[in-house]
Structures are given as C-alpha cells and as structure tokens.
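Asker: Protein chains in written order, with the working numbering: chain D, 1247 to 1596; chain R, 1247 to 1596; chain P, 1247 to 1596; chain L, 1247 to 1596.
Honestly, the hints are just simulated from the structure, not real lab data.
All values derive from a computational prediction rather than experimental measurement.
Each statement offered as a hint is correct.
In this list, chains with the same sequence are indistinguishable; a pair is considered to hold if it fits within one copy or across any two.
Derived DSS-like pairs: lysine-lysine, alpha-carbon spacing no greater than 30 Å straight-line:
1) Lys1523 - Lys1312
2) Lys1423 - Lys1359
3) Lys1312 - Lys1340
4) Lys1312 - Lys1266
5) Lys1442 - Lys1423
4 protein chains.
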Amino acid sequence: MLIVMQAHASEEQVRAVCEKIESVGLKAHSIPGAQRTAIGITGNQGIVEIGLEEMAGVQEVICVSKPYKLVSRDVKEENTVITFPGTDTTIGGKELAVIAGPCAIESREQAFKIAEQVAKAGARFFRGGAYKPRTSPYAFQGMGEAGLQIMAEIRERFGMLIVTEAMDYESLEQVEKYADVIQIGARNMQNYSLLKRAGRARRPVLLKRGMSATLEEFLMAAEYVMSEGNYQVILCERGVRTFADHTRNTLDLSIVPAVHRLSHLPILVDPSHGTGKRTKVLPLSRAAVAVGADGLIVEVHHDPDRALSDGPQSIYPDQFAELMREVGAIAPIIGRSMAAPVAAVAGASR
Amino acid sequence: MLIVMQAHASEEQVRAVCEKIESVGLKAHSIPGAQRTAIGITGNQGIVEIGLEEMAGVQEVICVSKPYKLVSRDVKEENTVITFPGTDTTIGGKELAVIAGPCAIESREQAFKIAEQVAKAGARFFRGGAYKPRTSPYAFQGMGEAGLQIMAEIRERFGMLIVTEAMDYESLEQVEKYADVIQIGARNMQNYSLLKRAGRARRPVLLKRGMSATLEEFLMAAEYVMSEGNYQVILCERGVRTFADHTRNTLDLSIVPAVHRLSHLPILVDPSHGTGKRTKVLPLSRAAVAVGADGLIVEVHHDPDRALSDGPQSIYPDQFAELMREVGAIAPIIGRSMAAPVAAVAGASR
Amino acid sequence: MLIVMQAHASEEQVRAVCEKIESVGLKAHSIPGAQRTAIGITGNQGIVEIGLEEMAGVQEVICVSKPYKLVSRDVKEENTVITFPGTDTTIGGKELAVIAGPCAIESREQAFKIAEQVAKAGARFFRGGAYKPRTSPYAFQGMGEAGLQIMAEIRERFGMLIVTEAMDYESLEQVEKYADVIQIGARNMQNYSLLKRAGRARRPVLLKRGMSATLEEFLMAAEYVMSEGNYQVILCERGVRTFADHTRNTLDLSIVPAVHRLSHLPILVDPSHGTGKRTKVLPLSRAAVAVGADGLIVEVHHDPDRALSDGPQSIYPDQFAELMREVGAIAPIIGRSMAAPVAAVAGASR
Amino acid sequence: MLIVMQAHASEEQVRAVCEKIESVGLKAHSIPGAQRTAIGITGNQGIVEIGLEEMAGVQEVICVSKPYKLVSRDVKEENTVITFPGTDTTIGGKELAVIAGPCAIESREQAFKIAEQVAKAGARFFRGGAYKPRTSPYAFQGMGEAGLQIMAEIRERFGMLIVTEAMDYESLEQVEKYADVIQIGARNMQNYSLLKRAGRARRPVLLKRGMSATLEEFLMAAEYVMSEGNYQVILCERGVRTFADHTRNTLDLSIVPAVHRLSHLPILVDPSHGTGKRTKVLPLSRAAVAVGADGLIVEVHHDPDRALSDGPQSIYPDQFAELMREVGAIAPIIGRSMAAPVAAVAGASR
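Just chain D, same shape as in the assembly (with noise of 0.2 Å):
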C-alpha cells in the first residue's frame, strides 16, 4: 500500500501519517519526491483500514497490485540520483558512471598499477574483489581485510571510489567500513538474509542480477534492501544463463530500458561478465551505452594471462582508454555525458 501525500503537505503531516502506520504495527517509508512525498507501507498486511485516506496533508492511497513497491516508479517518480559526499560523483545522474579495476586485488602493486590506468582513463570508480565467491573451495579465495586496505589506500591517492562484493555478514561489515559501495553478487541476489543486512548498512548497495533471474525476482530483491531502509540501490545487469555458448553468458540488454520504465532505480552493465570473452567487451560495452544504461563496470588487468581470476575476459588498460573514448562519444547522442578524469590524477602525479 501507498500514500501519496498532497504537494504542499507538510513535514509534520508526513510524520504524522507514518507514525499513525508505524503505531499498527507496520513500517513506513516516506520517499520524498520532487513534486510531492509518497509512504510507502511494508509488513505482513492485508488491506490497512487505519482511516489514512482522511488524515490532514493525504492526497490518495493506493493498492499497490505489482509485488515491488519501495523499487516502482509508482511510488517514486524522479531518477534516484546516488551522490558521494564530498565527491561531484553521482550514479543515475547525467553523467555515465563507470567502474573499473582487476576481478581481484591481488597485491599492492599489481592493485595499483592498474588503479593508475583506469583513473588516467577516466574511470570515477574502482572495483577489486577482496572477497570472491569461487564455484571451487580450492580456488582462490580473495586477500579479504588486507585487500580492501589497499583498495583504501587507492582512494587516498586517486581519489576514485571504491566498489567491492560482500558475501556474507562478516565480509559485509568490512566492505561496509572500508568502500564506497557494496557489491553483492549474482550468486547472492536471493540470499534475502544478505540482502536485508544490506538494507541496514549506510552505504549505496550494487545488486547483480542473478544468472537466471526475472526482472521481478530481480527487482524484489531490491525491495528486500529498501524494505530494511536503504534506499541507495544501483542495480547491475551481467548477463543470463542460457543455452547460447559463444559467450559465458548472454547480455540481456532489454533489461535496461525495462528496467528504467518501472523502477527509478538507476542500473549499469556488466560486459565483462556478461560475456565472458576479451573480444566483446568494447562493442558490448558501447551497446550498453547506446541502450541507456547509467554507466558500465568492467574487469581492467594490466596482465590477464597471470590474473588469479577472470583473466580470459579481463581487458588491457589501452583497450579500456579506447572503450572511454567511444562511449564517451556515444553518450551525448542519448543525452548523457562523461564526467572528466578525477581531479587527483588529472593534475597528475602528486
């Protein structure tokens, strides 16, 4: 259930509305729009009959029939825009956001070679697995706390932010303390009990898409962060399973506008793995562009052949500057643009 609230409804009705939600034994979550709030209603209700409609400030109440709530443009009509305090970085905004960096940080050095490439290229965000979910117990697990230090000390230098996957509680309280936002992977996009401890962390929240999973199943599991709280969710399409083997998964790029028509949430492309394979990074990653995404995560390795995980589909540092160029010529085209290279590197080496 919803209520939207008039346009000139003020502060205290907003609080009066959800508190008299929250006294039922129900959870509100006022969503502020640009024209008007809406209070969105979560718990095991059925139909809420508190007398809302009647309350001063109440322009209407809705049933909400889709399963997703907090995720719908229905609730919410304006673009979520993800700022970064002290930062003019932004996801969702006009300006694509793109993420870069090695499948896994393997060492100070090898960490920051590549940060250095990436940033001079112009990436705003820098991605490193720390803690890596394997299909095989015996392959490399990641450095963990040690790498999400050097991932910290690549902020300090290069003034990019820093994205890193959390796979269970443990991992998430670190992930939280050190980056900039929290990745969860596919594999974990319906662990809900991840999920919801994602929704009480404080910073935005990157959700893949599962490798079979529907866009209602992949927008609910939004839901289960927002419902905890969290409203900062990026989701992330990186390819599906299907019977197609010329690529390790196929990138279903129609998500992306499908997405953008029911949900306000912004959402970028993977085509590292959506693909799988060196050789389709580039184009894939300017159709994703030209789709509409909202920006682009993309495994960079100075050195694949020796790269502990994903070197097959990890791309050399001149093939990332080529693919800023050509996305960043696409963009204006769909009325989006690149943001200049950080300022830490663009004055160069301190």
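Chains R, P and L: place on chain D using the hints.
Answerer: What follows is chains R, P and L alone, placed relative to chain D:
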C-alpha cells in the same frame, strides 16, 4: 590430489600420511571405503612434492583433473549411505527415502494433522519450513524457532526424522539444534559462506540444485560442504529454469544417473518444486523413482487452498498415499524397496 | 468454434451442420466420439453467426478461447488410438508402442541385423532414417528411396511397422508410399508448409517437439496437420534446449501429463535424442513409461562406434532387450502393458 | 578442405585446380579475394589425396577442422559486401543497411502509406510479409502473390529494394521473381531443403537465426545456402528463447562481434522480433548499431493497433524517423555511415 592407500594399510599409516599433508599447510580428508582408504588433499595447492608416494601403506598418488574431488567416485567408489543413529532409516541405501510435509509450518495443528497422515502413508521423514526464503520481503517468512519446536514434537510423536531449511548462520544454528537433516535451498546453492558453515555442522546436509546450476556447479557446491569436513551430503534435483511455461520449472531427471555416475552421493528428486503443479507431482514422482533417484521430497498439505505458501503444488494426503503405493510398486523393478511405516505409527495411536 | 451434437444426433444431422458451415466458406471437421460427435470449425473466422445453434441435433455451440481446437480434449474427450489395418498394433491404446532401430539406414545388412534383434526383443515398430536433416551439408544425408525400400523389406520379413522421417514435399511423397508412420522432425516442427502437406497424407504423423517449442506451439503444430484433415497425429517429446550441459538436450517429461490433460492425442518419448548419451537411455526410458508416455522411440545400433550418425546415443541390442524387460515391468503399475513380439519373429527363423 | 592459391595465380591455374577437384566427384567453390583466390572443397569427403598441393599456383592446402567452410574467414578474409545492380545500395559495406516496413502486407493502401514514410526517413529497403508463417493455422497467412505485386510497385515508386520471406519451394519461386532479397525465417533456419533451394536462387538470402540456434548451427545454416553456390548470404539476429519474460525473446547482441570474428558475412539485427515490444525497439536499435551490426530490420506500421500481425512490436513512422536520426549519429563513432534517402524520395513527389 588424491592418495589411495593399500588395502591393508594400518590406521597408523593413514594417520602418518595425513600428518605429513597437514605439515605443509594443506588439509587431509581421510575417506574410509569398504576395500581401502583414500585421502583427499584440499587447499590452495599446485603439485605437492613432499614424497607421499614413498610413504608406507601408500598405493598410488592420483592427480585429479576434475575440479571436484571429495564428491567424486574416484575418491570413494561405494555409494554414500546416510544413517541416523537410533533408527534403521537411511538415505542412499536400498530403501527409498521419502520426505513429506507442508511447505511451511503454519501452526501446531496444521503440522500435526499433516504429519499423522504422511507417517501413516509410510514417510520416514517430515519436512516443513520454519525459515522461508520468499521472493517478496512482505510475504510470510516462516514461524522461526517456534516452527522448529513443533517439528521436534512431531519427531517425538510419530518417529519421523525432521528435514528443514536453514537460510543463514543464525537459522542454521537453530536448525542444527532441532532437525535431523539441514536443508540448503536452491537460492543458496552458491552461498558459499553458508555452505562452509553447513560443512562444520554435525548433521547431514540436503543440498538443492540451483535454478540454473550445471552439474559441475552442483557437485562443486557439495564439495564446499565436504571440504569443511561434513561428508554427509544429500543432493536434490528440484527443477531448472527454462523457456518452457507449462510447469513452474523443468524437472531435469537425467541428472540423477549423471550424478550416480560421477559421485558417490545420494540424490533425491523434488517433484513439487520441480513442476509447481499438483497434477504433475504423482507422475513425476513415479518417473523420479524409475530413473533411479534415492528418494523423494514432496509437499503435502491437508488444505492447500489455504496454505500460506506453495499451495498449488502441494498434494492432498490421499494423493500422497497413492503416490507411496505407486512408487513402492516401481521400486523393486530397479532393485530398491520401500521401508515399512515407522513403528510409532504402525503401532498406532499411543 | 466448436459444435457439440446431441448424443443421439443422426449422421444426417451431422452432415447438415457440416454443409451449413462449409456453405459460408469455412471448414467443418466432424470428430466422432464414443458418446457423441463434435464438429470443429476452422478457417479465417471471427464469430460465425449462421444459426447453427438452432439446427436439429445440435446440443451446444462453444466458443473455444484456446488457440488450438482439433487437438483439444474439449473437442474429443476420448484418447485418440492410432490403429494399423491388418495388425493388432496401436499407438495410444493400452499397449505401449515401442519404436526402435538405427538413426540412419546405412545398408541392407546393417538394417536387417538391427531389425532382427529389436523385433526379437519385442519392438512392434522399426525406425530408420532414409532422409536425414543434418546440421552440416557435408554430413551423410541418408540413402533416400533405397533406404525406404530396405525398410519395406524389413516390414515384410519381420512384421514390424515402419516409421521414418520426411523432410520436404519430395521425401514426404516417398515416405508416404513406403512407411506406416510419417515422422516430422524437431527442426521442422514449425515448417508449416510441410505440416499442411502431412495433413493431406493418408498415414499417421509422428510429430516431434521443436527444440525450444512451448507446449502451446507444439499443440498448434499438431493443429496444422489436423486442420488439413489428418487426425492421426502422434506427439513426441525429444528434449529441449537449456543451459544444462550434462546431456545433449534436457528431456522434459512433465510435458507428457500436460499433453494428456489438454489433448486426446498420444505422446511418445525419445530418450535417445532427449539425452544424447547411451548410459542415460535406459533410466530415462523407465522414467518416460512411469510418467505415463504412450510409448518410446529408441535408437539401437549393433555397432554404434561405426554408425554414420548419432552413434554415442545409440544403445546396443542387448541393452534394448533389457530396456524392454524393465519398461514391461513398470507398465502394469500404471495400467499399461507390453505387446507380445510380432508373430513373424515369435514364430522365429523362416 | 581449402586450397589457398598464390597471390599471382592465373585464372587458368584456378580453373585447373577446380577441374581436378570435380574430376573426383567433389564440388569446388572458387572464392576470389582482394589478395588471392581460395578454393573451398565440399562433398562427402575425408582427406582428398589427389596431389593438389603440387599443382601450379597452389600455395597451401588447409585441412579445415571447423565444420563450416564457405562462411569462414579462413576461406575469405574480406567482408562480403552484397551489392544490388543498378543501385549504390549495399549490405555489409560502410553504410548501414536499414530495412523497414510492416510485418505483413495487408493492402495496397497500407503498404504505400508506410513505404512513403520509411523511405522519407531514409530506409533503403522495404520489408513486408506476403507469406506468413503463423503459429496458428487459423491466423492470417498473408496475401501471397498479390502482396508481392504491391511490393514490386513500391520499388518502382519509391526506389527501395524489397525484402520478403519465402516459406517453401512455391513461395520461394514467387519471391525470387519479385523481391531483391529472399528472407528465410527463424522457424525455417534448419529447414535444409529450403536452404538448399535458396542456395540455387539468384537473389541474396537474408537468413534469420533460429530461436534456439547456437552460433555454429547458425553458420552451418548459411553454409547450406552457400554450398549450393549462392554466396550472397546476410545473417540476422532476432532474439533467442530464454527464461526471461520481460521481452518476447532475448536479443543476443554479442553474436554480432562473434559472427564478424568467424565469418565474412554481414549480420543485421531485428529489434522488433528481438524484443516484441514497441518501447524497446529504439534503444535496442541504438545498441545494435553500437555493437557493430551491419544494419537493422525494423517493423513499422502507421496503425499498429489494427495490424493483422505483430502490432505490439511495430513502431510508428515518426518513431522510425527518430530511430534513423539516433542510429545515424552513432554510426560514425564506429566508422559507419547512413546512406542518404533514395533519390526517388529525396526528389520528392513525382
């Protein structure tokens, strides 16, 4: 890497080899077989050159090229038979294991009503969800520990063993306390932290196949559990996601002989989730037993129209009784049998 | 639209209704049932307002909302049983229909060797490809009419009925001349011109499910054949294309009860193409019979390593004999039976 | 097998090699390139030991291990550019090829109305179905030859080239007479008899990818056409069948760079069938051009609500004009361009 001991190697020799392995920072898994003991080695290893081949009692050192080791028939030729102390019930033995009960425990009354009827029909295991992973955060999420307590009472009353799902560390700890088998659901098949935690539990683990998991990924998920020392793993096919829309999922029965060929672990089939339709549960149960499954896990509800979850796929108690008759007739054709109903029930109303 | 006649409507009344329908440019399909006759109307129609409801002998006029009509149980409640004049063999009756033979007819010697063994084991139908749809234009494309002649000899010698594939008008004309059942392959399931041509043939049509056909598309393909007047259609599940890679295709056994629910047509299962692996044919054959299939179509080859096509999925003659024993034991459990071997063979070596 | 001739081999030498090949019952396909000529050998062959290596002008004999030959870049390094005599229009050259028009020709008036608007917007090709493969035998099956005649008039009037589908021998014969490009639909991608017949036609063939065709199967279907001597093949991605339900099919754009890597043939993208939704056609058209497609095939209808087929996926003429502007802006970024509108239209109202 895999060490095969000689047929008459002493326990001391086995211990010595294990110690040698662990002295270089690896993990040794001693796996006793009917004929001889094998020792699996896991850890972040390449080739281990520590002179194992020359040790007393060692017959052969095998470099296993497949990514799975402990789940493999190469490591253990004989079928794994899960036993339950104090009972003659098994999973993976000659007798088919049938697990039946409601999707979710909704109340003591509901659970007892169903338990009585499935026990009478011959089920040796009772299933019921106390912690439910639901697509929507607003759907019924289970009764939690209260549900577990009801199931513990059911074990007392009807002599059935209890199977129920754990979703995270907290619920796993609870489930471990109350249940006989810990179920890991399809959505968590690649929740590696949970798998590792289950690998440290002292209960058998029923691992459901992920909605788009390949056979190799499925076996690797079992490997995660086993790599932590819990070798009591039961696999379960529950349907995969395809384009086909006449059932909720597509039940992939061919994975049963495929698992039996590669692995020593038992595999059950879940025709309820596998089809999502009541009218398909009986025929697919027959097919599952005919294809060679080690048993079934079936949702039964006495009033499915009012079930809080998965009503449309739950069968009625009398349909379950018919199911037991039919699969019981097929069992001997492939060298299996059905167990007699548990004494508590056969001996009737205490 | 569908006209249901009264139970005691005369043939004359049925004829009058048909004539009325055809007088306005539509096609009438009179479908006699055990209780009463139904008349299906096909053609480019909307609602037909020509006063059919008021005609003598008409009980009801039903607007069928499902896209399929003639295949539907709404039109014909009783199962369609395909009969073969001069024999007691049926498809869709109480007895399971088993079709066996090599993928392709390679020579008279090869075909006779296999035919003798499958006949002995109890197969009533012999299959063999004379026209082969191959993925590569450079692969063996079949012996053509010479292959058909060999199969005609096999019918003479062993009393088995002949099933073979037609790929186009030319081959269909030949197949119609020599064979007892015309097979339409999976790749041609939506070759509507070929389906219509098969609808004008005087032989039963065995229609294989397309590799990614939904249940509705499958039934609509059968509707194409029936809309031309040939009501002798046998459906066949042969596996669908999914991400799963442990078998060549994923055999979707749940379609068997789904077809039986919606349609009166018989449905067979092809475990050879459905799995693509010899070791999976026997267990999936048992499963297919247990799920309720009306029969099997199985590839058998005496020397599969040298087969010109599909060797890896062909079973040996003695494996086929074992298959017949096992499915013969399952059949009675679901109210079916196996036919005795044909007399020509039972009476042994002429 | 593949014969690579020396750079300066004479025509006579090429002819001699071809004659030698055909003298042993095989087919020789001489494929002239910018640098040198290659000769493909097809037929039911193993290794051909007839001394080709020693013949004058022969540089190399290559045993091709991939199943496709004539479609391969190994045989022909340069892109195939389809030309149309009497025009400067191409497919596979620098200019993007855009094919637009209604799903089906419904009337002269409808076709002309749409043709005028797509021509004005810059389409060089007009598409429209005269023979329609429909899932239901009772749906509109197309106007047949009358539809072809209308399209021939459209070519006269607007100077656009005509693309239309053939479903069988009969319709192919008609289409060959009237159209500039013969389309083979997705459902017929493995209708090998039709592919061979198209291989004997004198028109370029537009081959759509089957709904569940792998890249290799797709290329092999093209190989069927080419093996009969017609090398003018245009591939077309039109979406594949997956579990995803937010679009009718899942458009697999990664196949575009995959085809360009392996084959010299041009590949178009059909965003109309690829998504099945009007609102997705424009963004996916941009993505298709950005990924590197050689052009688009788009359904346009002036009154889609009343279209006899595929209304929901047809865009309005003004949306098409916008599409042309946007993809025209993307084209130069990847080294392509849009052709100017055809003269007949540019020169305006005759």
